[in-house]
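These protein sequences, in sequence, are chains A and B.
Start counting the first sequence at 379; every next residue gets the next number (the working numbering).
Start counting the second sequence at 379; every next residue gets the next number (the working numbering).
Accuracy of the hints is not assured; some may be wrong.
If several chains are the same, the list does not tell them apart, and a pair holds so long as it fits within one copy or across any two.
Stated by the list, open to error - Each computed SDA-like pair below joins lysine to any residue, with the alpha-carbon atoms no more than 25 angstroms apart: (1) K628 with G607; (2) K503 with R663; (3) K611 with P632; (4) K400 with M379; (5) K430 with P475; (6) K503 with D588; (7) K628 with A577; (8) K525 with P463; (9) K430 with P463; (10) K525 with M379; (11) K503 with R593; (12) K615 with A401; (13) K503 with A424; (14) K628 with A576; (15) K628 with E529; (16) K503 with N665; (17) K615 with M636; (18) K628 with E639.
Keep in mind the hints are simulated off the structure, nothing from the lab.
2 protein chains.
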Amino acid sequence: MARVAVLGTGIMGAPMALNLAKAGHEVTVWNRSADKAERLADHGLAVASTAKGAVEGADALVSMLSDGPVSEELLLGGGVIAAVPSGAVVMVMSSIPVNTARRLSEAARAGGRTAVDAPVSGGEKGAIEGTLAIMAGGGEADFAAAKPYLEAMGRATHVGPDGAGQLAKLANQLIVANTIATVSEALLLAERGGADPAAVREALLGGFADSTILRQHGLRMLSGDFVPGGPAKYQLKDIRTALASAAEAKLELPVSEMVCELFTSMIEHGGGDTDHSGVIEEIRRRNGLPQSTLTD
Amino acid sequence: MARVAVLGTGIMGAPMALNLAKAGHEVTVWNRSADKAERLADHGLAVASTAKGAVEGADALVSMLSDGPVSEELLLGGGVIAAVPSGAVVMVMSSIPVNTARRLSEAARAGGRTAVDAPVSGGEKGAIEGTLAIMAGGGEADFAAAKPYLEAMGRATHVGPDGAGQLAKLANQLIVANTIATVSEALLLAERGGADPAAVREALLGGFADSTILRQHGLRMLSGDFVPGGPAKYQLKDIRTALASAAEAKLELPVSEMVCELFTSMIEHGGGDTDHSGVIEEIRRRNGLPQSTLTD
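Construct the entire structure; sequences and hints are all you get.
Right, here's the structure in full:
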């Protein structure tokens, strides 16, 4: 098996590192706040005191740093990619802007390495269970080199060239946001028209209107339980990144733009730290309706 | 078992009548164009020459007439409900306006009958297989009386008082329309940004962005196969009926209104008879992009 460095061992990175170790790899971890990395020593993982130290002699790098600027600063500015041995695979798995992902993959490849941008969907649960949906961008050879590592963490799909993984993740986030707004409107129509919205949700399962959002977020809307989950402020950040990518491709997306307006207004009205399914409360507010009351 | 009259034996009504017969009921059918009813005689169903004749002595009436005006004209104006015996169950299962459904149920109940509005989702396939999603509005006693008949045709859920079945159906149709527009925008973002949209769709299955629409209509969008299916002109009619019901409840639904604009423009540009998943072509058109070419 291979030597794998994992940078960023937060909620997602830590279980991903553990799954790589479980698959038989010799894993070295590093995290900016050292305590989060040191916990992994109990599970037999090596802990490096610097990011550059972690990648020394590595066959593969998995980067799960918090965002685009941090990734660029450390991996490029801090010389971490330059310290990864030639011939190794660089897998940047954080959700970061498309252009940042392209720059990182190009920098990795310039030193005789292969590289993919490979953001994930599926949350902490998927990271722990090794069932993440992994969307990988890069060349055929890049994906072939990365795949054995990615498969230790979830189901990997090659979705196109450099940056395509990030685009797929943005498409995912747009669908999530718009579907949440859509299910909100449909349940409000049912409720205000005099039907029982919980029974309506139940009746719709299994039909053309069925979705993961109707099943999971629909329940939250009905119970008025908006403890995050996925905070609305991050949902808005994703929508804006997606719309910026669309604008670069000279593409107007009218439904997503309307949903962006709703989330913007939700956050202006203090809803940033509530779950993204709470956008139903924003639609209530606009219609002069009282907010849901929390059940118990 | 019971004597059941089925009015309207088109694409949906005919297999529904057959499933009632299969469940052991003595079924009498009637259809405005007699040939469609007469075909069912080969399967052992009785064929009536008038709608009033069909309901004579019936324990239950299933109405699957084409739309609201036809239902009102025949069932009320034509005296058909008045001819249904006292104590029988009246089940109006067409998709019709909420207010029409309420008037029909009230008229049925006035003569000592029970009544539900019970529109369906699941299409011809669901009707044939007896797996329709049936959304029923009415009182508890109405639903209890109707349920044994409804269960011969699919899965019945009691969603509230009179008209609630139609409201649930409208909620269903809104979700379908909005999700189609949403998946269109996400796949276009992927495509125009340089990813492989087919691989992106594949990568998203099983995650938070998953839906019946992504699975089924997403495939149509990728192949450019817009043979209906569900013609866009009917989708627009449903969206407008839903928004009218929302307006009656003093409810503004901004995302659904934007989707209504898209379908309106699609139909103004000649797309009324193409499948509703073809709204992706409307979004292409607005962005000055060429239309998909049909893969034969």
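Checking K503 and N665: alpha-carbon separation at most 25 angstroms within a copy, between copies, both or neither?
For K503 and N665, the Cα distance exceeds 25 angstroms both inside one copy (36 angstroms) and across copies (39 angstroms).
When no copy is named, should K400 and M379 be tagged within, between, both, or neither for a Cα gap of at most 25 angstroms?
within (11 angstroms within a copy, 61 angstroms between copies)
Within a copy, between copies, both or neither: which one fits K503 and D588 at a CA-CA cutoff of 25 angstroms?
This pair counts as both: shortest intra-copy Cα distance 22 angstroms, inter-copy 17 angstroms.
Within, between, both or neither, where K503 and R663 count as close if Cα-Cα is 25 angstroms or less:
Neither: 33 angstroms inside a chain and 40 angstroms across chains, both beyond 25 angstroms.
Identical-chain pair category, K611 with P632, by Cα at 25 angstroms
Cα proximity of K611 and P632: in one copy and across copies (21 angstroms, 20 angstroms).
Go through the copies and call it for K503 and A424: within, between, both or neither, with a Cα cutoff of 25 angstroms.
Cα proximity of K503 and A424: one copy only (24 angstroms, versus 57 angstroms across).
Using 25 angstroms as the alpha carbon limit, work out where K628 and E639 are close: within a copy, between copies, both or neither.
Intra 20 angstroms, inter 21 angstroms, cutoff 25 angstroms: intra and inter.
When no copy is specified for K430 and P475, does a C-alpha distance of 25 angstroms or less occur within a copy, between copies, both, or neither?
within (23 angstroms within a copy, 67 angstroms between copies)
Please sort K628 with A576 into within, between, both or neither, judging by C-alpha distance up to 25 angstroms.
Result: close only across copies, 21 angstroms inter versus 41 angstroms intra.
Between K503 and R593, at a C-alpha cutoff of 25 angstroms, which is it: within one copy, between copies, both, or neither?
Both, since 17 angstroms and 23 angstroms are each at most 25 angstroms.
Within a copy, between copies, both or neither: where do K628 and A577 come within 25 angstroms Cα-Cα?
between (42 angstroms within a copy, 22 angstroms between copies)
Using 25 angstroms as the alpha carbon limit, work out where K628 and E529 are close: within a copy, between copies, both or neither.
neither (35 angstroms within a copy, 51 angstroms between copies)
Of the numbered hints listed earlier, those contradicted by the structure are 1, 2, 12, 15, 16.
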